[in-house]
Amino acid sequence: MLCRILRKSDPESFVLYLWRNRPTIVIGRNQNPWKECNLKMMASRDVLLARRTSGGGSVYHDMGNSNYTVVMPREAFTRDKCAEMVSRALHHADIPAYVNERHDVAVEGRKISGSAFKLTNKRAFHHGTMLIDADLGRLHGCLHSEAKDDIEALGVESVRSVVTNLREYSLSIDHLTFCQAVMSEFGRTFGKLDVGRNVTVWDESDTHVVGMVEEERKRISTWKWLYGQTPRFVHRFGGVVGGKPVVAKVSVYHGHITEVSLGYDAGQEDADDCGVFQMISDSLVDAPYVAADVRSCLGPISRESPTAAELCRWILEKIMEAASGDSA
Amino acid sequence: MFTVQTASKRAAVSVCASRARIHSLLHIPTLLQVASRQRSSPVLAALDTTSFAAHISDKQPWIERRGFGTSASKAKEETVAYKLADIGEGITECEIIQWFVKPGDKVFQFDKICEVASDKATVEITSRYDGVIKKLYYADNDIALVGKPLVDIAVEAPALAQQPKAKEPAVIELAPAVMPSTAAAPQDFSCERTNDVVYATPAVRRIAREGSVDLRFVAGTGKGGRILKDDVYRFVESSREKPAPVEPIVVATTVAAQSKASRSDAVRPGSGDHIVNLSPVQRAMFRSMTDSLSIPHFRFKDEIEIDALILARQRINSAQQPQADAAADKITLMPFFIKATSLALAQFPILNSRVLAEPGATPRLEYRAAHNIGVAMDTPSGLIVPSIKNVQDKSLLEIAAELRALVLRGKAGALTSSDLRGGTFTLSNVGMIGGTYLSPVVVSSEVCICAIGRTQRLPRFDGNSDRVVARNVLVTSWAADHRVVDGATMARFSMLYKQLLEQPELMLARMR
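Chains as they are written, first to last, in the working numbering: chain A, 2 to 329; chain B, 999 to 1510.
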């Protein structure tokens, strides 16, 4: 939806868009889902994954989190402008918010809102989250990946901050009051628009909007977008198999494995081992980096020999920790 | 249709302000419907143009192109190393997320070349030239450095020579809505464009300036309506062929010049002829007046001596204790006018009705129980009419408080849609600005309107004697939809209204 608003709105207009959604982790445009979030926990707790088109780090959304987006002409864009607007809106609700050096909105040293930006030739948008009453336990659980340290990736890494809910500072704030505060501050900041006149509220009854949303949803739910847009990365892990310390290095590009290199730590491979390593490597090339696919590729190999079986089992175990996402 | 003027001896006849002015200043119904369809106000765009101009020049180094150091070459084609420009915010490097072109692709100015990402922002990089991509300097996910070549583009040499090396903002300039024409010769308006924003590179603008061409009237054939230099040449050719150009028609009415409305469209005296677009308020007025004047108007004017009213108001105000609640502030005469209207409407409900006239269907009258009296007010964005709802159920003090709140909201530009919707009758106190005898225009969703002129202290004969006394006189000018309201009804209504205001105790007798 955001892209549509970005591209189709009047080039000179300022648009404020407020919304919230079901529990979802939203990763930045070129982030690595395996590194940023705990896909296994997300699957077990019904948290969806989404990738947005603007940059920045990963954020957690649920119905206790409200999102705001401001679309504006490119020339009017600065990183702090909208964050400051939102802070001022919160002041009206008696919450002492401010913009920190990372251009995030914070209260008393804790982050309550994260921001991301997208700039095109003529338009730009700033969007941000606002934690009002979100499930912070789930937030922390889902945003912590076990394989984080093992994955070496390009792309933007999230910078972790201590977060808090607005609920800690105000008992009366909720999605609607937040929206109203932001709308009136938006009207004040960006012109003397009578904001009341230009507000459109969408819900399920707006069929044309629902149609558009459905189209967009299909487009961004493909595996290719969610996982395939991940920049090149390398997942290194080590362990002990058959009494010998092993290291593995899996290279992945656009979500598919490009190379697997295995080796014993002390360099004690013999010809058989090399043969097994080679077989494993060959079978995994081009496989999507998903546990189910890896398992089916390794299936035949594991029947070759006990060593092979053990290695396959170990690799699968390691990959499952990181890559329990949906299959391609 | 006939007019009735009550005969009265007057010492002087005050000439009202020009009729045209009053007509246009009075009431704009359904401004709400119009405004809600506006995506954004051109006022806003114009408001911020000056600050944007500053933005363009200093906050947008991303479009600054450092000198390429290539001279105008005699060769047909020249390969330019298009550098990754500064995307601002102190970023020195960013990752290439995806390419939109590959070597061999033809690109036009403003086409997307690639998308890059920095820590929090993704930025689309577009081409500055028309040409053919020759080489990509980076692969997907590589880190691109700002200021270093991004792609090689093969460009036609003449286009290159005209790219200025200066630090002018290259790509987009916002042409404000009003631009005094610098051209000496009047323009040919047969190919009009009412765009306020013109896309053209500085090179094209220079050619236009040299040829005294106003770019707003040139049809752009480039991508997205961009004006290319060929378009300018073609325009010059075609306008030379036409006969003597027509005098420009100034669209903005003189009303706009005098009202406080439409900052963007203010006509500066002595700046020469130019065409201006209507502001949103004017557009609404245009539409509504066009509708309203299809209604045959019956007009009735009468004088009201308001000395007793002034005294009543004084008494009420001195009894008001300063308290926390708003209803305790001093009141003006307007709440009296509003309440008297409602009390009189109780006797003549037809004046609170509405004509339902679908084309093809028989016309009907909708009688309305609520007296939602609209009060015309002059706000920074022009004259708009919010209404006070259910006046029949409200006391004078309650009406006064609501009126005050509406005025404050109007001044702040914060009137809500419910304020502006649902009016059933309109009162205009334009006498505050001036004018004695007025001819208001009935709102198309109502059947009656009253304009209150200014109060004058005039000599009158006291009763039947020959003694001359000073009286405070104001003239109310009524207009009603003569398709459904007859003259007698209007006259009687006006007499009742006059009676209520001249003897305020009678209002008391009728209050519920």
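Among the hints, erroneous ones may be present.
[Stated by the list, open to error] Which stretches of chain A does chain B cover? Using the computed rule of at least three CB atoms under 8 Å from a CB of chain B, they are:
1. 55 to 67
2. 82 to 92
3. 105 to 118
4. 152 to 160
These aren't lab readings, by the way, just hints derived from the structure by calculation. Even for Gly, the Cβ is constructed at its ideal location relative to N, Cα and C.
- Count the residues of the segment 82 to 92 of chain A with a beta-carbon closer than 8 Å to any beta-carbon of chain B: does the count reach three? Since three or more residues must qualify, the claim that chain B covers the segment 82 to 92 of chain A is violated, with 0 doing so at under 8 Å.
- Query: Counting residues of the segment 55 to 67 of chain A whose CB is closer than 8 Å to a CB in chain B, do you get three or more?
  - Reply: holds (count 4)
- Check, residue by residue, whether the segment 152 to 160 of chain A contains three or more positions whose beta-carbon lies closer than 8 Å to a beta-carbon of chain B, and give the verdict. holds (count 3)
- How about the segment 105 to 118 of chain A: do at least three of its residues have a C-beta closer than 8 Å to a C-beta of chain B? Coverage by chain B holds here, the residue count being 3 at a Cβ distance below 8 Å.
Hint check: a violation occurs at hint 2 only; the rest are consistent with the structure.
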